[in-house]
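With the sequences and hints as input, model every part of the structure.
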Amino acid sequence: MNSNMHRIRPFTVAAMFLILLPAGCRRSDRQAVKAEVTSTEVRSSRRAYDGSPPVIPHKPLGATCVTCHTTTGTLVPNMTYAPANPHGNEGRLQNCRQCHLFQHDEGVFVNSDFVAVSQSMSKGDRLFPGAPPTIPHSLSMRSNCAACHCTQAARPEIRCSHPERANCVQCHVPHQTTTEFSIATASE
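When we follow the working numbering, the leftmost residue of the sequence shown carries the number 10, and every step to the right adds one.
If you are wondering where the hints come from, they were derived from the structure by calculation, not from laboratory data.
Predicted model, so just to flag it, every value in this text is computed and none were measured.
Please note: incorrect hints may appear among the correct ones.
Claimed, not checked - Here are the computed distance ranges between Cβ atoms for each label pair:
| hint | residue 1 | residue 2 | range |
| --- | --- | --- | --- |
| 1 | P141 | H113 | 26 to 36 Å |
| 2 | G71 | V182 | 40 to 50 Å |
| 3 | S147 | T76 | 38 to 48 Å |
| 4 | V75 | C169 | 18 to 28 Å |
| 5 | V85 | V124 | 31 to 41 Å |
| 6 | V124 | I167 | 34 to 44 Å |
| 7 | L136 | C169 | 11 to 21 Å |
| 8 | R56 | D134 | 17 to 27 Å |
| 9 | D134 | G71 | 38 to 48 Å |
Every residue, glycine too, gets a C-beta built ideally from N, C-alpha and C.
What follows is the structure, given as structure tokens:
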């Protein structure tokens, strides 16, 4: 009886595969939706300072943040495109509202002459001619490069031309100052 089970099992698995294959490979009935790219000015207005986490620009929705802010982003019905979560798995384990706050425009708490510095739009330098650009920002809480560089909402100036390559830091290294490297010479 045991030997008969071993003969039937591969047949059953193959039959199930052939039945389910057409359903999985069927073209989706959904139409591709093009997300509007948010201007640099709007993105800057959603941050307290350059490099700070963006505010939450919508009212509380009653769902967890990662319901809409997935690793690839989501088109939310009756709203807009929810950008991808750049934190990878580490962000899923934390309270998003620890860093991201709801946007409040109810008035100024205390009058101030403070003028914010505009967002730095610096490009990554290259370590040498022909090298890939360096990463001009911190990698802390930004482990999912594709969230900002490969999604529908990626700004054209930072959009990645090769999203199929999964390990970005294999070629793109965080920006370093030249004083952090020691250069060996032939005489050493």
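Hint-by-hint comparison with the structure:
1. P141 to H113: 26 to 36 Å: violated (40 Å)
2. G71 to V182: 40 to 50 Å: holds (41 Å)
3. S147 to T76: 38 to 48 Å: Since S147 and T76 have Cβ atoms about 27 Å apart, the given range 38 to 48 Å is violated.
4. V75 to C169: 18 to 28 Å: The hint (18 to 28 Å, Cβ to Cβ) holds, given that V75 and C169 are roughly 22 Å apart.
5. V85 to V124: 31 to 41 Å: holds (34 Å)
6. V124 to I167: 34 to 44 Å: violated (26 Å)
7. L136 to C169: 11 to 21 Å: holds (19 Å)
8. R56 to D134: 17 to 27 Å: holds (23 Å)
9. D134 to G71: 38 to 48 Å: holds (44 Å)
Hint compliance for this structure: hints 1, 3 and 6 are broken, all remaining hints hold.
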